[in-house]
Amino acid sequence: MSLDDSLGIRVNGEHRRVMGGISLVELLNELGLDPLRVAVERNLAIVPRSVFAETCVEDGDDYEIVHFVGGG
Amino acid sequence: MTAQQDVHADTWTVAGRTFASRLIVGTGKYKSLEENAAAVEASGAEIVTVAVRRVNISDPSQPRLMDFIDPKKITYLPNTAGCFTAEDAIRTLRLAREAGGWNLVKLEVLGEAKTLYPDMRETLRATEVLVKEGFEPMVYCVDDPIAAKQLEEAGAVAIMPLGAPIGSGLGIQNRVTIRLIVEGAGVPVLVDAGVGTASDAAVAMELGCDGVLMNTAIAEAKDPVLMAQAMKAAVEAGRLAYLAGRMQKRRYADPSSPLAGLI
Chain A
1 MSLDDSLGIR VNGEHRRVMG GISLVELLNE LGLDPLRVAV ERNLAIVPRS
51 VFAETCVEDG DDYEIVHFVG GG
Chain B
1 MTAQQDVHAD TWTVAGRTFA SRLIVGTGKY KSLEENAAAV EASGAEIVTV
51 AVRRVNISDP SQPRLMDFID PKKITYLPNT AGCFTAEDAI RTLRLAREAG
101 GWNLVKLEVL GEAKTLYPDM RETLRATEVL VKEGFEPMVY CVDDPIAAKQ
151 LEEAGAVAIM PLGAPIGSGL GIQNRVTIRL IVEGAGVPVL VDAGVGTASD
201 AAVAMELGCD GVLMNTAIAE AKDPVLMAQA MKAAVEAGRL AYLAGRMQKR
251 RYADPSSPLA GLI
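First to last, the sequence lines map onto chains A and B.
Sequential numbering of the first sequence, starting at 1, is according to the numbering used here.
Sequential numbering of the second sequence, starting at 1, is according to the numbering used here.
Hints are computed from structural coordinates only; laboratory data are not their basis.
Hints may be right or wrong, so weigh each one.
Covered by chain A, according to a simulated footprint, are these stretches of chain B (three or more residues, beta-carbon under 8 Å) [stated by the list, open to error]:
id	segment
1	28-35
2	43-51
3	58-64
4	75-88
5	98-109
Since the structure is predicted, the reported quantities are computational estimates derived from the model, not experimental observations.
Just so it is clear, CB atoms sit at the ideal spot from N, CA and C, and this is done for glycine as well.
Please model the complete structure; the sequences and the hints are all you need to start from.
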């Protein structure tokens, strides 16, 4: 954790700094994403949508956030 | 069967879900989401395949597939396109289930990029794991009757042999093996990949397939919406011809008008 109380995380392979103490729902909101339309993997484990609100974002977390796109 | 077969009453069922349309369409390669939605509408498809990809963090406001094709009206069939190992495919489908909340999925595990030919060893392994986890995988596979049977035994809810390489538009290359797969299968068989034009789709249906899955043949047509309409008609025509039972082939001519009473 850094001195300014922010956290360093990775989202879809990119480094990001976010406020300390935020939940996964708050992270999604900050990213402009609708929690009902995405699936989230945190450190290679799927986070069920039902626990987005109670999942705390922690320093060093690695997130994959996916959704459906066109495909054959 | 009635004298006038109603094609809409002729439904098919996969994993307990019943559909009237025997055409499944992809949602890739379209010029726009508007065109994509119009083509799906014209095709009459009730199932569309979709891919699972990272959201665009830098521009989350870009248009989304779900805004154009309503998953409440059209069944989304998440695929594993681009996966080259069982692990990648399983990971992708676990995420898809979380994103959409359903178990009906399309599994494809590719062997190499040039031909996009399926890797059957990995495909079979992924099928076994997915079935254990409660998924209902419709499985893309080679046009091999033995491999098809093995997938069915592993719990595949539909067998989807390629007609020709993905995106090639070459049409059905091996009618013999597709027919053998159909004859041996206890689950629905759909030709997946290789259709180039309407007659290819009709051939698949005439061979007794339960349906056809295609993407590029519609998306890369000069007029995708018109081609979607053509594919709808072809799938229906092929299905009716299969049900009607075609005439026997002859080596030589056989006159259609009576020979008796010739002047």
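Hint by hint, here is what the structure shows:
1. Counting residues of the segment 28-35 of chain B whose CB falls under 8 Å from any CB of chain A gives 4; the rule of at least 3 is met.
2. Judged by the Cβ-Cβ criterion of 8 Å, the segment 43-51 of chain B is covered by chain A as claimed, because 3 of its residues qualify and three suffice.
3. Look at the segment 58-64 of chain B against chain A: 3 of its residues bring a Cβ nearer than 8 Å to a Cβ of that chain, three or more, so the hint holds.
4. Chain A is given as covering the segment 75-88 of chain B, and this holds because 4 residues of the stretch bring a CB closer than 8 Å to a CB of that chain, at least three being needed.
5. Coverage of the segment 98-109 of chain B by chain A holds in this model, with 3 residues showing a Cβ closer than 8 Å to a Cβ of that chain against a need of three.
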